[in-house]
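Participant: The opening position of the sequence shown corresponds to residue 1 in full-length UniProt numbering, with each subsequent residue numbered one higher.
Errors might be hidden in some of the hints.
What the hints assert, rightly or not - No farther apart than 30 Å at their CA atoms in a straight line, the calculated lysine-lysine pairs in the DSS-like style are these: (1) K17 - K140; (2) K17 - K136; (3) K88 - K140; (4) K88 - K17.
The hints are simulated quantities; they were obtained by calculation from the structure and are not laboratory data.
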Amino acid sequence: HINSGIAGLVAAYVVGKRTGYGREHLAPHNLVLTVIGASLLWVGWFGFNGGSALAANGSAGMAILVTQVATAAAALAWLAAERITRGKASVLGGASGAVAGLVVITPAAGYVSVGGALIMGLIGGVVCFWGITVLKRLLKADDSLDAFGLHGIGGIVGALLTAVFASPMIMGDKLPENMLHQLWVQ
Numbered sequence: 001h002i003n004s005g006i007a008g009l010v011a012a013y014v015v016g017k018r019t020g021y022g023r024e025h026l027a028p029h030n031l032v033l034t035v036i037g038a039s040l041l042w043v044g045w046f047g048f049n050g051g052s053a054l055a056a057n058g059s060a061g062m063a064i065l066v067t068q069v070a071t072a073a074a075a076l077a078w079l080a081a082e083r084i085t086r087g088k089a090s091v092l093g094g095a096s097g098a099v100a101g102l103v104v105i106t107p108a109a110g111y112v113s114v115g116g117a118l119i120m121g122l123i124g125g126v127v128c129f130w131g132i133t134v135l136k137r138l139l140k141a142d143d144s145l146d147a148f149g150l151h152g153i154g155g156i157v158g159a160l161l162t163a164v165f166a167s168p169m170i171m172g173d174k175l176p177e178n179m180l181h182q183l184w185v186q
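All chains should be modelled from the sequences, with the hints used to inform the complete structure.
Facilitator: The structure is reproduced here in structure tokens:
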């Protein structure tokens, strides 16, 4: 996700700004299709993260559960951030928050508990919202798909928080003794 987010940002700079960017309101074309797409991603991601266990076992089930929790938490956090900053939440915000949660939990799905996934989702939703609002403006990028804010920033947050929230209950003897060292390595 980090790679695709950075590539999206570079592509936005190379391609340049859309006609009317900054002068006109360029709203999404079809929110119904956006929600259908986000829903399909959400459900499909269960196979993506659960399948990483390479077996139909408790590890796969836990990966699916934490994927659900983080995604829902990120969607709610995004909607709350949107309500606080813009005065109202939006359907697009809910879909974007869900995608942010999926991205954030992906590196951690096999390593964190439900509580860790909840916190990761909440943090990821707010940080990715910041990424596509404030940071995108600071970078002066016309990233129309918000690839950098969702995938780049979300991937970085997920990679870092995996070290913070990795659970000894889940990882067992594979958990490094010093998680601060693991965070530094990441």
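Participant: Are any of the numbered hints broken by this structure? If so, which, sorted upward?
Facilitator: none
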